[in-house]
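Below, each chain spelled out in residue letters.
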Amino acid sequence: MGAHPAEHAAPAILSEVRPAVLPRAILVENHRDFHWITEKICGIVEGQTPVWWWWCFGIAGIVASFTVAGLTYLVATGVGVWGHANPVNWAWDIVNFVFWIGIGHAGTLISAILCLLRQKWRTSINRASEAMTIFAVVCAAIFPVFHVGRIWFSITPGWLFPFPNSNAIWQNFRSPLEWDVFAVSTYGTVSVLFWYIGLIPDLGTLRDRFTAAGKLIRARIYGFFAMGWRGSNRQWSNYEMAYLILAGIATPLVLSVHTIVSFDFAISLIPGWHTTIFPPYFVAGAIFSGFGMVMTLMLPLRAVFRLEDLITQYHIDCMCKITLATGTMVGYAYSMEFFIAWYGANPYEGFAFVNRAFGHYAWAYWIMIGCNVITPQFFWFKAVRENTTLVWCLAIMVNVGMWFERFVIIVTSLARDFLPSSWGYYSPTVVEIFTFFGTFGVFSFLFLLFIRFVPIMPMSEVKSVIPLADPHGSPKH
Amino acid sequence: MKETYGLIATFDTTPRFYSACEKVRDAGYSQWDALTPFPIHGLDAAMGVRRSKVPRFSLAGGITGFVTGMSFIWWASAYEYALVVGGKPYFSPMYAFPVAYELTILFTAFATIIGMFLLNGLPMHYHPVLKAPQFVRATDDRFYIVIEARDPKFDAARTRALLEQSGGKDIAELEE
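Those sequence lines, one after another, are chains A and B.
According to our numbering, the residues represented by the first sequence are 1 to 477, in order.
According to our numbering, the residues represented by the second sequence are 1001 to 1176, in order.
Worth flagging that the hints you see were computed from the coordinates, not collected in a lab.
None of the hints are false.
In silico DSSO-like pairs for lysine-lysine, Cα to Cα no more than 27 Å straight-line:
1. 382/A to 321/A
2. 215/A to 1131/B
3. 1131/B to 40/A
4. 120/A to 1053/B
Please read these numbers as outputs of a predicted model, since none were measured by experiment.
So that you can see chain A by itself, here it is in the shape it has in the complex (with noise of 0.2 Å):
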């Protein structure tokens, strides 16, 4: 997309040497215009629904249904139907939520950090991983929103939210718990508002496709959120602009949730978890597991809906290298505590990272080390980077090596804390892995409702970074 000829004096080097020709990756193949895109992804949203869509939603609709049951045994009965005891008081419940809010942050990472720094190819999978973003929050909440117990508490007195208790005292402000609740909420509200935007003119697009072929109930629906978006200069205008912001305090947002989310455990004075490390330490973390899952649904999307021309190999070459990055960060993270704990010579935190390698635990830290540092380590590789299936299986490994890594800080800590006198060994109940099953059921459950009903991929951004979109010609298409 080049600048205005005339309001860029060219440098004078230029008459000396010629300047490479650097080819701009092709981020649609086969030279597809507008209309074969608008076709394509809406055609997935006019066409019959795919028999194959029906046996995947009945069987995610039986997965989430053992969450419906653990939670409602759970409100009903107790929350000591969980395997929380002294001294692991904090398990499964909150390694499944840092898990699912961190899988979250890909999406955010690809809709707002991506666009602000002009990262084209996030066009094609910025919708389905925002979507996934929502709905990986909607699974995360459950867990802090359930592990009070009487779920109605949450609200008032105050367990979560902030209103005083029966005693009239407020929330303690200073707790980083306090502080997860809006952080979380934050995050869950504006990536549904950064969603809702860009579906707007997407939305257009449906309303106008289905009034022209006489479907008129579902041009109703699909008009009634398209808040009649007409597509005119004067409103991209301010469209493009509320956009713009709403990428640049996403990303901001997105940083500040993962960090909140890990003070909730560096603000402690827990042996391995009080560590400054932390912060970008999760972060990191939270956008690698978001990118395995990314690849773990859009690899397959791909193939069902043909989408090749799409997402690209070039696509799966980034997101393979950013897995690579945000792995090797993490790998670096892992080392980096080992040393600190060594160099910091407090013998509890020495024997907080020793523990993790070689003690009880030691199963779950060294699946840690297997899928979270050397999985990635594959991406290095074109030839693994160009076979699909087994970018997928790599994805799928990074998706359970970071489950198991909340696992390992939560658990081997406080099962491990100061006075040996209370050492114990946590192990789940059947209720908290019915739960913790349960919620893979309801983030497909959402994320099927989303392929069959919403269009999968912005339109018009996709259209909008195609050789024929640049209002200058392009010489080289």
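Given chain A, work out where chain B should sit, using these hints.
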């Protein structure tokens, strides 16, 4: 007989559409608009559209959010029920900061979206261009220029000639 809302012209390539917008701008029209399926880089300048005012809403929202967070925590922990926690002062901006920070972002997001909706006049489920038969392609792959009849320079014949000269096709009248 319904009143005329304006003239609509169709364009099928981005460069031709872009230069047509520049011509309409240079002809001195003010009540006109360009319909595009995606935001075109630099079209604001080609149309003479000023920089968006959405950031003013965002700034107001952000300041409101920060002040709300700080003052709420001060009110709850130092005024409404002052309670000593850990022997520390009732209020300090340090511990109130994370919540105020999140509320800054939350309020900015809402203000930005409300600002965008207000400035764009959304929701607006009725608009003359929405019922034009060719509009289905405005959100798909065609570009349109609409010049409104209320523009002081509007003249059915001359405006039509301008749109034709700029490369517009299928020029038609839009009903109010």
